[in-house]
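Add 18 to a position in the sequence shown, counting from 1, and you land on the number used in our numbering.
In case anyone wonders, no lab produced these hints; they're calculated from the structure. Warning: the hint list may mix true and false statements.
Said to hold, decoys possible - Quick list of in silico lysine-lysine cross-link-like pairs, PhoX-like style, CA-CA up to 25 Å: (1) K29 to K107; (2) K28 to K88; (3) K31 to K88.
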Amino acid sequence: EFIQLVLAGKKVKYVRAVMQEFGYPQNGPSPIFGDNISSIMMANNTRPTDRTRHMDIRWFAIQEWVHIDKDIILIHIAGILNPTDAATKALAWMKHYRHMSRAMGHLGSPFNTGRFKLAYTDNGAIKAIYIRPT
Numbered sequence: 019e020f021i022q023l024v025l026a027g028k029k030v031k032y033v034r035a036v037m038q039e040f041g042y043p044q045n046g047p048s049p050i051f052g053d054n055i056s057s058i059m060m061a062n063n064t065r066p067t068d069r070t071r072h073m074d075i076r077w078f079a080i081q082e083w084v085h086i087d088k089d090i091i092l093i094h095i096a097g098i099l100n101p102t103d104a105a106t107k108a109l110a111w112m113k114h115y116r117h118m119s120r121a122m123g124h125l126g127s128p129f130n131t132g133r134f135k136l137a138y139t140d141n142g143a144i145k146a147i148y149i150r151p152t
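Whole structure, please, built from the sequences with the hints as guidance.
Now the structure itself:
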C-alpha cells in the first residue's frame with residue numbers, strides 16, 4: 019500500500035508539472051485519497067522509522083513531497099466510500115451501484131471532492147480538514 023501511494027504521488031507530480039507547463043499554475047496541494055491508515059501515517063511522518071528501515075530509501079520521497087514541497091496531501095477515505103473498489107474488487111450489488119452511480123455523475127460530479135484546509139499538529143504533521151462542496 020505504501021509503495022502504491024508513492025507511485026500515485028509520482029503520477030500526481032508529473033501531472034502537476036505538465037499543467038504548470040501549459041500555463042495552469044498549481045496553487046495548492048493535490049489530494050491523494052487512500053484507505054490504508056498505516057501507509058498514510060508512514061508518508062506523513064517526517065522521516066523513516068526503525069520499523070521501516072528495511073524499505074528502500076527511494077520510497078520515502080513522498081515524505082519530501084508532503085512536508086517540504088507541499089505538492090501532495092494524503093487524506094484517509096473509509097473503505098466503504100472508496101470509489102476505486104468498484105474497479106479493483108468484486109463487490110456486492112449495493113456497493114457496486116453506489117460507486118458506479120457516483121462515477122457516472124448521478125450523485126454529483128465525481129471530480130468535486132470539496133476543498134481542504136491545511137493545519138499542522140503539535141508534532142509537525144500535516145492535517146487536512148475537509149470542507150464539503152456546496
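Outcome of the hint check:
no.	hint	in the structure
1	K29 to K107	22 Å, holds
2	K28 to K88	14 Å, holds
3	K31 to K88	11 Å, holds
Consistency note: the structure conflicts with none of the earlier hints.
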